[in-house]
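2 protein chains.
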Amino acid sequence: MRDEQETYLFSSDYLKDFSAKVFAYFGVPSADARQAADVLAKSDLRGIDSHGVARLHTYFDMLALGKINPKPKITIIREKLSVASVDGDNGLGLVVGPKANEIAMEKAEQYGSGWVSVCHTNHFGIAGYYPLKALERDLIGWAMTNTTKLVAPLWGAERMLGTNPIAIAFPGYKEPPIVIDMATSAVAYGKIEMALRKKEKIPRGWIVDKEGRMTTEPQDMIDGGAQLPLGSERELGGHKGYALAAMVDIMCCVLSGANWGPFAPPFALRQEIPTRSVGKGIGHLFGAMRIDGFIDKDEFKKQIDEWIRVFRKTRPAPGTNGPLIPGDPEREAEAIRGKEGIPLLKPVVDELLDISKKTGIPFEIR
Amino acid sequence: MRDEQETYLFSSDYLKDFSAKVFAYFGVPSADARQAADVLAKSDLRGIDSHGVARLHTYFDMLALGKINPKPKITIIREKLSVASVDGDNGLGLVVGPKANEIAMEKAEQYGSGWVSVCHTNHFGIAGYYPLKALERDLIGWAMTNTTKLVAPLWGAERMLGTNPIAIAFPGYKEPPIVIDMATSAVAYGKIEMALRKKEKIPRGWIVDKEGRMTTEPQDMIDGGAQLPLGSERELGGHKGYALAAMVDIMCCVLSGANWGPFAPPFALRQEIPTRSVGKGIGHLFGAMRIDGFIDKDEFKKQIDEWIRVFRKTRPAPGTNGPLIPGDPEREAEAIRGKEGIPLLKPVVDELLDISKKTGIPFEIR
Chain A
1 MRDEQETYLF SSDYLKDFSA KVFAYFGVPS ADARQAADVL AKSDLRGIDS
51 HGVARLHTYF DMLALGKINP KPKITIIREK LSVASVDGDN GLGLVVGPKA
101 NEIAMEKAEQ YGSGWVSVCH TNHFGIAGYY PLKALERDLI GWAMTNTTKL
151 VAPLWGAERM LGTNPIAIAF PGYKEPPIVI DMATSAVAYG KIEMALRKKE
201 KIPRGWIVDK EGRMTTEPQD MIDGGAQLPL GSERELGGHK GYALAAMVDI
251 MCCVLSGANW GPFAPPFALR QEIPTRSVGK GIGHLFGAMR IDGFIDKDEF
301 KKQIDEWIRV FRKTRPAPGT NGPLIPGDPE REAEAIRGKE GIPLLKPVVD
351 ELLDISKKTG IPFEIR
Chain B
1 MRDEQETYLF SSDYLKDFSA KVFAYFGVPS ADARQAADVL AKSDLRGIDS
51 HGVARLHTYF DMLALGKINP KPKITIIREK LSVASVDGDN GLGLVVGPKA
101 NEIAMEKAEQ YGSGWVSVCH TNHFGIAGYY PLKALERDLI GWAMTNTTKL
151 VAPLWGAERM LGTNPIAIAF PGYKEPPIVI DMATSAVAYG KIEMALRKKE
201 KIPRGWIVDK EGRMTTEPQD MIDGGAQLPL GSERELGGHK GYALAAMVDI
251 MCCVLSGANW GPFAPPFALR QEIPTRSVGK GIGHLFGAMR IDGFIDKDEF
301 KKQIDEWIRV FRKTRPAPGT NGPLIPGDPE REAEAIRGKE GIPLLKPVVD
351 ELLDISKKTG IPFEIR
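Those protein sequences? They're chains A and B, same order as listed. Residue numbering for the first sequence follows our numbering, beginning at 1 and increasing consecutively. Residue numbering for the second sequence follows our numbering, beginning at 1 and increasing consecutively.
The shape of chain A in the complex, shown without the other chains:
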């Protein structure tokens, strides 16, 4: 018998096809359903297991209960040449995100740069998906989003901000692109869950308990604690991680009219409902920049190649193989998983089987 840590392998295409059918089951138009499935598939391919089909059951729940609009009318609320704000009409973030990102990229092509802030949307998958799209068009891409509150501002004792990720990508010439995709919290929430499951302590600097005291007990997070921002504490720069999370919150939400800070609506059913609403849905920000508005495109890409090579040659710290280039781990995962398939843990497979049972969409373990 396999235990919870054992994995089952699936091809990315099989999972993508299943996800698309699930979205379509709820009336999501087929192109949108395929788009949403593509974001989840990219996450699984790139090794970010927490944001792939592991979340499909949450989307399923939200759609089943009518909490997400399967057929949103996505509209530009306001614009001024290179900038705009978009109302996602409570659609899937996996659909609203790619459309708003498309608007940013079109603006970049036309005006040199494009910046789109989005309200009334939902969770958009991995932030890194969006700048990867920009790379396909030889643009520098940016994406940010707020998320449900988990993080305390430095010196705070309660959850006030999401893990608010920032993603940015730069294309190389012969080298692969530099792809930054990082939460502004010290650590991903999934790592705390994992420690909890393994009954292990966590490093000092990841969380505070419900009184705001540093703790190494992962259970303290569940019992009303909060994650710490990047930098963790004052003397290591915790105020900087907090400032970055605040910046993301403001660019995505205050600028678009979405719910900022502690008022971000929950992603999943089991999460707490905010005390009040200060806008519509959650918020994203997408940016794109035309390289050739600044410098010759090939010259830029060749310098990026050189940057990568110089940084790869950095003298390594003891016990390491030296610095990575941002995006290395995800690209390596994609190369392996594209060939060998996506390993899913038993609890995730069980959730997909449950969706299959409830919808009648076939899902088979090989």
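These are computed hints drawn from the structure, not numbers from a lab. Since the structure is predicted, the reported quantities are computational estimates derived from the model, not experimental observations. Misleading hints may appear alongside valid ones.
Note that identical chains are pooled: a pair holds if it fits in a single copy or bridges any two copies.
To be verified - In silico DMTMM-like links for lysine to aspartate or glutamate, alpha-carbon gap of 25 Å or less:
no.	residue 1	residue 2
1	Lys313	Glu235
2	Lys198	Glu235
3	Lys313	Glu211
4	Lys302	Asp89
5	Lys99	Asp296
6	Lys201	Glu235
7	Lys313	Asp209
8	Lys313	Asp298
9	Lys280	Glu306
10	Lys339	Asp328
11	Lys302	Glu79
12	Lys21	Asp49
13	Lys339	Glu175
14	Lys346	Glu330
15	Lys174	Glu109
16	Lys346	Glu6
17	Lys280	Asp296
18	Lys297	Asp138
19	Lys191	Glu334
20	Lys191	Glu235
21	Lys210	Glu235
22	Lys280	Glu175
23	Lys80	Glu102
24	Lys346	Asp49
25	Lys80	Glu106
26	Lys199	Glu235
Based on the hints, put chain B in the right spot on chain A.
Here is chain B on its own, set in the frame of chain A:
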């Protein structure tokens, strides 16, 4: 007798006037000299002592030796509506920065956003100066710069990146603005110097020694060590601080044609000359965004007020008064110093007296 830690008080205007005369002494045109002095004065007013007149002697040295062009011809190399790159002609960063920032702000007014990457420039003072200028025009402002290498990428054992700061500001309605101004290193270099002077140990996570090992001895930094990026180590997110520093490096330098990474030219004479040149001077990036291209301006500002008030009410962690709002410490310093004057340490005063002696520009201790 006063010791090195004792301070002398000067009015901001007196120091600004002195700095302007020093720049003019080297042939910097008077409007530029006043502009450069204004950047230094703002830094001293806002309590960032390391970037104010404490650096005037370094500018003096560089100008005296002809290492900086007092009369640069600042030109747009390339542009595409909302974006441009600028060549600073090896001028003072304190002059090139404000001009390039001006271009970004004009573009924002015209095209909704403006993004200007700058090469062939020098140290531009505090990054926060530039978004503060954007606030005067009701714009969201961004600024970044690379700096001389001090920081090791995560898992590296040598200096490869500067402390590469990011500054962003958002205007409030009745509340003061939110002003983020942060290096992407775990800590400011000045704090290591201070520990060294006081013969104190430093916290784990600030630096590695010349072999790349974590150390709490500040002397190890002087002896060929390197600062750590925000996050400090892998399990606390050191790869994220490194990624942010890399982003700044690429946006400021690769995009403009400046010297990136370890090739950034030295700010001061005593600093190491890079092994090779991959571009011109150092690099900056300025950005500005029109709020009303996204949302009603007053609505935005009122939500910022509300954001500030909600975050000020965060339940405090034990032993603290609760979270600050980014920009609080600098604004409070400005309120006090604007009235009481700028406190300068004796070694800084001695440097100004030395400049006075060498140039004949009067400088008096009250």
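Here is what the structure says about each hint:
no., hint, verdict
1, Lys313 with Glu235, "between (30 Å within a copy, 23 Å between copies)"
2, Lys198 with Glu235, "between (30 Å within a copy, 17 Å between copies)"
3, Lys313 with Glu211, "between (45 Å within a copy, 15 Å between copies)"
4, Lys302 with Asp89, "between (42 Å within a copy, 24 Å between copies)"
5, Lys99 with Asp296, "between (28 Å within a copy, 23 Å between copies)"
6, Lys201 with Glu235, "both (23 Å within a copy, 13 Å between copies)"
7, Lys313 with Asp209, "between (41 Å within a copy, 18 Å between copies)"
8, Lys313 with Asp298, "within (23 Å within a copy, 50 Å between copies)"
9, Lys280 with Glu306, "between (44 Å within a copy, 16 Å between copies)"
10, Lys339 with Asp328, "within (17 Å within a copy, 52 Å between copies)"
11, Lys302 with Glu79, "between (35 Å within a copy, 20 Å between copies)"
12, Lys21 with Asp49, "within (20 Å within a copy, 61 Å between copies)"
13, Lys339 with Glu175, "within (21 Å within a copy, 55 Å between copies)"
14, Lys346 with Glu330, "within (22 Å within a copy, 52 Å between copies)"
15, Lys174 with Glu109, "within (23 Å within a copy, 38 Å between copies)"
16, Lys346 with Glu6, "within (6 Å within a copy, 66 Å between copies)"
17, Lys280 with Asp296, "between (41 Å within a copy, 15 Å between copies)"
18, Lys297 with Asp138, "within (8 Å within a copy, 33 Å between copies)"
19, Lys191 with Glu334, "within (21 Å within a copy, 42 Å between copies)"
20, Lys191 with Glu235, "both (23 Å within a copy, 10 Å between copies)"
21, Lys210 with Glu235, "both (22 Å within a copy, 22 Å between copies)"
22, Lys280 with Glu175, "between (41 Å within a copy, 23 Å between copies)"
23, Lys80 with Glu102, "both (16 Å within a copy, 19 Å between copies)"
24, Lys346 with Asp49, "within (13 Å within a copy, 57 Å between copies)"
25, Lys80 with Glu106, "both (13 Å within a copy, 14 Å between copies)"
26, Lys199 with Glu235, "between (29 Å within a copy, 18 Å between copies)"
Hint compliance for this structure: every hint is met.
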